[in-house]
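Enquirer: Each chain, letter by letter, is given below.
There are 2 protein chains.
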Amino acid sequence: MQFSHQKQGLLIVLSGPSGAGKGTVCARLRNFMPELTYSVSATTRKPREGEQEGVNYFFKTREEFEEMIRNDELLEWAEYVGNYYGTPRRFVEERLAEGQDVLLEIEVQGAMQIKRRFPHGVFIFLVPPSLEELRRRIEGRGTETDEVVERRLDTAAKELGLIEHYDYVVVNDRVDAACDRIRSIIIAEHCRRERLMAIRE
Amino acid sequence: MQFSHQKQGLLIVLSGPSGAGKGTVCARLRNFMPELTYSVSATTRKPREGEQEGVNYFFKTREEFEEMIRNDELLEWAEYVGNYYGTPRRFVEERLAEGQDVLLEIEVQGAMQIKRRFPHGVFIFLVPPSLEELRRRIEGRGTETDEVVERRLDTAAKELGLIEHYDYVVVNDRVDAACDRIRSIIIAEHCRRERLMAIRE
Chain A
1 MQFSHQKQGL LIVLSGPSGA GKGTVCARLR NFMPELTYSV SATTRKPREG EQEGVNYFFK
61 TREEFEEMIR NDELLEWAEY VGNYYGTPRR FVEERLAEGQ DVLLEIEVQG AMQIKRRFPH
121 GVFIFLVPPS LEELRRRIEG RGTETDEVVE RRLDTAAKEL GLIEHYDYVV VNDRVDAACD
181 RIRSIIIAEH CRRERLMAIR E
Chain B
1 MQFSHQKQGL LIVLSGPSGA GKGTVCARLR NFMPELTYSV SATTRKPREG EQEGVNYFFK
61 TREEFEEMIR NDELLEWAEY VGNYYGTPRR FVEERLAEGQ DVLLEIEVQG AMQIKRRFPH
121 GVFIFLVPPS LEELRRRIEG RGTETDEVVE RRLDTAAKEL GLIEHYDYVV VNDRVDAACD
181 RIRSIIIAEH CRRERLMAIR E
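Chains as they are written, first to last, in full-length UniProt numbering: chain A, 1 to 201; chain B, 1 to 201.
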């Protein structure tokens, strides 16, 4: 009889309200946990300077993207400001099948689509320490009108209502602390009794 | 509205079969996680050189211990080789009430007694990487007869059957790795949605 924590690949979904700092935390996490596989989105948006195919995005034409939708090649997708964004299914499923942990950083509506397909994924909700802090962060950018700030706060408050669909809540009080909590959640999930593989020899 | 990971004290029960290395892991953990409160057992055994009251044990007479049993002052207790051992209730309950995380290192029968009183505790089962490794560890001591080795292995195999009552399984392949997994489990449990306190202002 043998006990080993290796290895069933976990799908980890990092989501949370607008302004919680998902992008910042995910960028730091890439250095903090290089052993994770980070899902790469497909988009019809044009590449910006320095962006690389297969690293930042998979760049697609509208025709290609709509064909992916028809062929059920996307785990979730949405249209923002005239461009499609989505999560290619094959990339995620192949890495999981290889036993790798895959992290998806995604907005809350997309996360709910993922949950329908992967109910056993690990769903992490990133939140700001308070709505007051969220307001300071949004206002601090200094680039948005009062009306836009109010609308973003209103959206964030509504998105917070989706918290009940998540397994874990991580407060983004400090980016390093948030990354350590996410790493801990992933390690702990591999230790859950139901996930541990007991291989009888 | 505020989100904070602080702070409901968690009761963490570290148990596992005889020979898994509970004592070694717990000793390392005291350096690795000094912020945890480590439960101190009561015993009727005589203090050994260097052992301090309230640090290593609470030393009691048989009369005192039996009075504690009658007064329901012990969370669990048992008698081994003519001496009583038990977990004083007040020490654990007071620290939890203060919001401190309390770790109990305890054999499997005691852990089952604790579980009846604290079903929401965090139950961690420490296991050796394999029964072959367990045999090597027991034989490696070189102090026990073949019969004793066989009996200890037999006991460990039976104790492994209690694994289903635990939330987490930690493989003690390396002591440092086991400690990091235990730390991760504690951090992750504080992030579980159900435990997070959302304090509306």
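Take the hints with a grain of salt, since some may be wrong.
As the list claims (entries may be wrong) - Straight-line C-alpha distance at most 30 angstroms; calculated DSSO-like pairs for lysine-lysine: (1) Lys-7(A) to Lys-60(B); (2) Lys-158(B) to Lys-7(A); (3) Lys-115(A) to Lys-7(B); (4) Lys-115(A) to Lys-46(A); (5) Lys-7(A) to Lys-115(A); (6) Lys-158(A) to Lys-158(B).
No wet-lab data here; the hints were simulated from the structure.
Enquirer: Each hint should be assessed against the structure and marked as holding or not.
Expert: Taking the hints in turn, this is what the structure says about them:
1. Taken as a hint, the Lys-7(A) and Lys-60(B) pair is broken in the structure, with Cα atoms around 47 angstroms apart against an allowance of 30 angstroms.
2. In summary, the hint linking Lys-158(B) to Lys-7(A) is supported, as the alpha carbons are separated by about 26 angstroms, within the 30 angstroms threshold.
3. Under the criterion of a C-alpha separation no larger than 30 angstroms, the hint pairing Lys-115(A) with Lys-7(B) is consistent with the structure, at around 29 angstroms.
4. For a cut-off of 30 angstroms, the pair hint linking Lys-115(A) to Lys-46(A) stands: about 29 angstroms separates their Cα positions.
5. Proposed proximity of Lys-7(A) and Lys-115(A) is supported: the alpha carbons are some 22 angstroms apart, at most 30 angstroms.
6. As the CA atoms of Lys-158(A) and Lys-158(B) are separated by approximately 51 angstroms, the hinted pair breaks the 30 angstroms bound.
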